[in-house]
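Since the structure of chain A is already known, use the hints to place chains B, C and D on it.
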Amino acid sequence: MPEDKIAVYFCHCGSNIAGKVDVEKVTAWAAEQPNVVVSREYKYMCSDPGQDLIKEDIQKLGVNRVVVAACSPTMHEPTFRKAASDAGLNPYLLQMANVREHCSWVTEDKDEATEKAKRILNAQIHRLPFNEALDPIEVPVNPAVMVVGGGIAGIEAALKLSATGKKVYLVEKQPSIGGHMAMFDKTFPTLDCAACILTPKMSAAGKDPNIELLAYSEVEEVDGYVGNFKVKVRKKARYVNTDTCTGCAACLEACVVRKVPSEFDQGLGKRTAIYIPFPQAVPLRATIDAEKCLTLKGKKCKQPCTTACGPQAIDFEQQDEVLDFEVGAIIMATGFELWDPTPETRYSYGQLDNVITSLEFERISNASGPTGGHIVLKNGEAPKSVAILHCVGSRDENYQEHCSRVCCMYSLKFSHLIKEHLPETEVYELYIDMRAYGKGYEEFYKRLMDEGVHFVRGRAAEVSSVALSPEEEGRLVVKVEDTLLGIVRRIPADMVILSSGLAPAKDAKSVAQTFGFGCSANGFYLERHPKLEPVSTVTDGIFIAGCCQYPKDIPDTVAQAGAAAAGALALVDNPTVKVEPTVSYIDPEKCCGCHICVSVCPHTAIQYNEEKGVAEVITAACKGCGVCVAACGSNVPQQAGYLDDQIFAEIEGAMAL
Amino acid sequence: MTDKFKFAMYWAGSCGGCEISVLETGTKILDVDANFDVVFWPAAADFKYKDVEAYDDGFIDLCLFNGCVRNSENEYIAKLLRQKSKVLVAFGSCATTGGIPGLANLASAQEIKDLVYRDNPSLDNPDGVYPQEHYAVPEGELDLPHMYDTVKTLAQTVDVDYFMPGCPPESHQIAGVLDVVITALKGEGPLPAKGATIGVAPKTCCDECKRVKEEKKISSFRRIWEFLPDPEKCLLEQGVICMGPATQAGCGARCTSVGMPCRGCYGAPEGVIDQGAKMLSTVASIVDAPTPEEIAEIAASVPDPVGTFYRFGLADSLLRRAKV
Amino acid sequence: MRYLYYPGCSAEATGKGYDASARALMEKLGVSLVELDDWNCCGATSYFSVRELDSFAIAARNLAIAQQMGDDELCVICNACYTTLAKANRYMAEDPKVFAAVQGALGAVGRTYDGNVKVRHIMDILINDIGLEEFEKHVTRRLTGLKVAPYYGCQFSRPMGAFDDVQMPTTMDRLFEATGADVITDFDAKTDCCGGMMMLTREDAALRLCHELLVAARQGGADVIVAACPLCEINLEAYQPRVNKFFGTDFDIPVMYFTQLAGLALGVDPKQLAIDKQVVSCASVLAAIPA
Amino acid sequence: MSDQFEPRLIGFLCRWCSYNGADLAGTARLKYPPNMVPIKTNCSGRIDPTHILKAFKEGADGVLIAGCHPGDCHYINGNYRTAGRYPLMEKLLEQMGLEHGRVRLEWVSAAEGEKFQHVVTEFTEQIRALGPLGWGEQFHDESAESEEATKEAVPV
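Protein chains in written order, with the working numbering: chain A, 202 to 858; chain B, 19 to 342; chain C, 10 to 300; chain D, 8 to 163.
Isolated chain A, as found in the complex:
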């Protein structure tokens, strides 16, 4: 073994570190430490000249261990390891000491920050002699990609990937793809018809030979790792043979159960028990709602649907199928849910008629919706006054603290649609702040002001039915403090639209768990890095796009879907991928075959070899948690990069000062 020659590099990070830590002092101190042959400081270690320092010392001074005291390894460990590698040093002989996120940024006092930086650095100086050269493990990559969620984000990502010739599995839990966008009437600020721009993409996805559409299906289990995911998908029984069904809708005409609230119409319209959610559905296939169908409920029915169905596609015996897929990457595009305003009782949603959610208004204003696009009240009359309440369930500590980003704009769109359909109708927008941040948005806002919409700055206090004046008689009254006028106003309205915020899907947490990543505090999927890796997750090979990550408008969703597709492609377009070598290994000479590691491995990556009587790690399946190392009674499994001796040395180094 050649002697250990450690080089220490202390990064100023401009003033991010040097503003709090006495860099000169720590660097001078480090130079005196055992095995340290060179200790340098530099303004920006991540810059090319900074990296060159490392390379030169490796080549000229024969440095064989490196510690870079700088930012979090999450940020620049790959950068510096690459530099070391370029200079001929095994990258795993380089460690980072996180003196920015864990020290200079979180410590008030300069002396204290300097002392803490020394302790953090010393832990790594002590650790390095125990580091071993490691080689990344190369595993083959399956070129197929699975996209979960068939809204605009999922469709866009699938189409992009398909265009590169990759096989794509598009999983959608509803009977049709399309997601929320398919329910919208117009889109802000350009007022394109949502269906006009979405349906071509839906049908392209449906016809694409590279895209296998798995509608009415849900992912049940995900196993494997980057490049090699194994996914179990439950294809729910439609009770209709999708190969023979032509989507002619004759069965819908025939069905005797006619008053099922339509999910697609937000319950405002009705559908039959055998149904196609909307005319442009993709795939255009009928589905039987097992909870409503008389036959499937075991009740008597003459089954007119079977008679009506020419191709004999109805199959009451159909069962759920569980299918296995192998893919190299996964894109999550599972969308959002509209926040249910029922708990906000002061707005009387569900208590007073004509208090509706934004999504309900989308359906009302939609020409293919339950009112044929006529903006009408429950009694069929046109409203003379409409109040649109912003930030319902958004920017509210009681419910969701976040801003849902799209509500201001879709509310403006509603105002426009109302003014367009009913020019005489008064429209009130009750807002906290108007957020018109996108391209063409501010202009759209201005246009609406010119169209005569009343903008009232104030969060609505209450929606009531108590009439204090003849004008209010028989109408809804919105109470609000107009913070620009400084008065409390009572605004009579015939219709109140609650611009509900966007909420994470109710099952977001459990879905994230299934796929092995997490959720942010607000419940949306957690990206790997908020700025630099907004479409990646902590699990390599799993990407996120659209509103499952955070509320966003359609342009941003589409852009993110493209980014996620590019991320997935950058992975699956390679024959192999390198995975971290921090995996466990078992010395068969030492293993006694007690099965403890086999029992605790979360990824069943350890198997017992009956013949040899020892446990064996399946390297490709090991994800490097190290649970087996801690669990083994005799420390036989060892985890590369996290050896006990390395951890002990870090403890000693940290405690030595």
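Worth flagging that the hints you see were computed from the coordinates, not collected in a lab.
Any given hint could turn out to be false.
Once the Cα atoms are required to be at most 27 Å apart in a straight line, the calculated DSS-like pairs of lysine-lysine come out as [said to hold, decoys possible]:
(1) Lys791(A) - Lys212(B)
(2) Lys433(A) - Lys235(B)
(3) Lys707(A) - Lys38(D)
(4) Lys254(C) - Lys680(A)
(5) Lys122(D) - Lys732(A)
(6) Lys235(B) - Lys813(A)
The following label-pair restraints were derived from C-beta to C-beta distances [claimed, not checked]:
(7) Met650(A) - Glu61(C): 40 to 48 Å
(8) Thr128(D) - Ala491(A): 51 to 59 Å
(9) Gly34(B) - Gly814(A): 56 to 64 Å
(10) Gly108(D) - Ala760(A): 47 to 55 Å
(11) Thr128(D) - Gln176(C): 48 to 56 Å
(12) Ala491(A) - Thr194(C): 55 to 63 Å
Owing to the predicted nature of the structure, the values given are computational and were not obtained by experimental measurement.
Note that the Cβ used here is the ideal one computed from N, Cα and C, for glycine as well.
Then chains B, C and D, alone, in the frame of chain A:
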């Protein structure tokens, strides 16, 4: 004195089982006699400390030291024997890792004396008499060794050449070690590297245990008087805390073969620096329940973790003793 | 069942009917209310804004006496007393500084309080301890057909919401449904403010609030409004003529303490419930109830 | 700086949640006491009770273990193993005479920078209140004393 090699054996803080174990080697003891002169062995022959003090340094070729260092007398003799011996072996669990007496490190010497001479419910000591280290009688002054607060292993006291664990070391292992030493002393073979653990087998006790081992998921802990364990199945899988996975092999798994769980007397396996912590980790890791709260509750139900996991190793553990 | 009982200042003045009816109602239900010894004003809602620590100490003195009397619960009828006393408890529990300061103040008068007396609204006791099932068993005169507007006021469930929904309380609705009354369950103004003490300082503002409440009650077709707080009750009832004068209306809606109306349903003598002391005549209500 | 006791703490952080949570506290410039040196492992399930004892032996006054919230573990259920080891470890340390609270287990997600700040601040104060642990120092005196006693007690 003959020109045979010189043999010593000493009994410090321990029960004496190690001495019996040497005798249990059977006819092998004749080899000792054939090759060695016994120059100090209080349990077997009448030598005095002053005899040992009179020997030249390094006079003794092989010294088997059993027992922990519990008091000033133990320490004095340990140092004396180190000085007089060429090869000093920490013999048995107590000398190697503190053994059962090491559990006294949960208390101070005073607390132990209080319990024994004051608080013991079956005690009749109305005058509260405690043993005195110095006591004057008409014939002169009587002295007792000073009892320490902390039980130490032999290696914590003096430099040790080899470690031979076991409570007691198994006779067949003793016989094997004697063969190696005799061969080496005769110049016919090498001695093991200094500091080695000798008289053991590779891997852990589980390796020698004949019980069938499968995946381990424990939902409750049991003790063997609570049920009839399946004689073929791994005891740990049946919820019995068996130290096998964290214990060096060498004993031949005698305990588990008769339905008793391993108690860990052969000490930590190679590569483990703290047997108790390691076994604690093992046991807690295989607790299986649907929620972390339930897992925590089951794991915490292990009674007396120190007594269970450090039955032989407390004095040699990372923390060595309870906080004073 | 027995509860230590804190009547509060209003009970000796405008709120006599609440006190009398609460005692009578509970007696009918077999519950004895034992009045707290030497109780003092809770400090009411406004004192907090003036001298916070003093107001906690004043409230805590009552709780200290309760503790001394060996009770760990204190029954309160007035919404304001309820919130004030509970607030003192909460601040003492959450802030060691407040706890220490209050202890110091109590110590000066030879008292001590550990923070363990739970403040219970009488409605909480009715619903959760006695229970609607038991209550219904005692109903002898069903209020069938009587349109009741349940008015909770601000401090019944806000801010704590200890025993009912913060925004949309329903306990009073359920209590009167158990009497067979026709409860206006969608009474829109059930938690709106009555104007409170503003009636004395900004009468116009307070009257506006009362007016809205009365409109809401009339719109719902209320025969009677029931209240759970002496201040709400007096504002809604005694100020009806002022409201009428200001807004040109003709309100003459009986307003009762909910304990009075519940007492009637249980067959308690109206005199014992002090119904004759109400400002707006309750004759119409009494007439509507079968004997 | 005042002359109050400054505890020396070790914090084992899992790489995916708690280490990132600590990073987030940094990115958000949330301030907390400088007493704890973090040590990264991939999963809290890698942390062996031996590491904790080692930290105490080396002079740590307190040890924090932080991992992903149950259900959020990057390794499915690695943190369940931590959840099992921790209470048993606590029980053992209590027998060894360590004050309750010298070891602390917390679930800190990658999004919980504030929680990390709060946990470290509170833990530092908690250990400050407990005072120095000073393991290891307790053996020194006796060896000197034993030299004395040896000479005295053993008749030569």
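What are the numbers of the hints that this structure violates, sorted from low to high? 3, 9, 11 and 12
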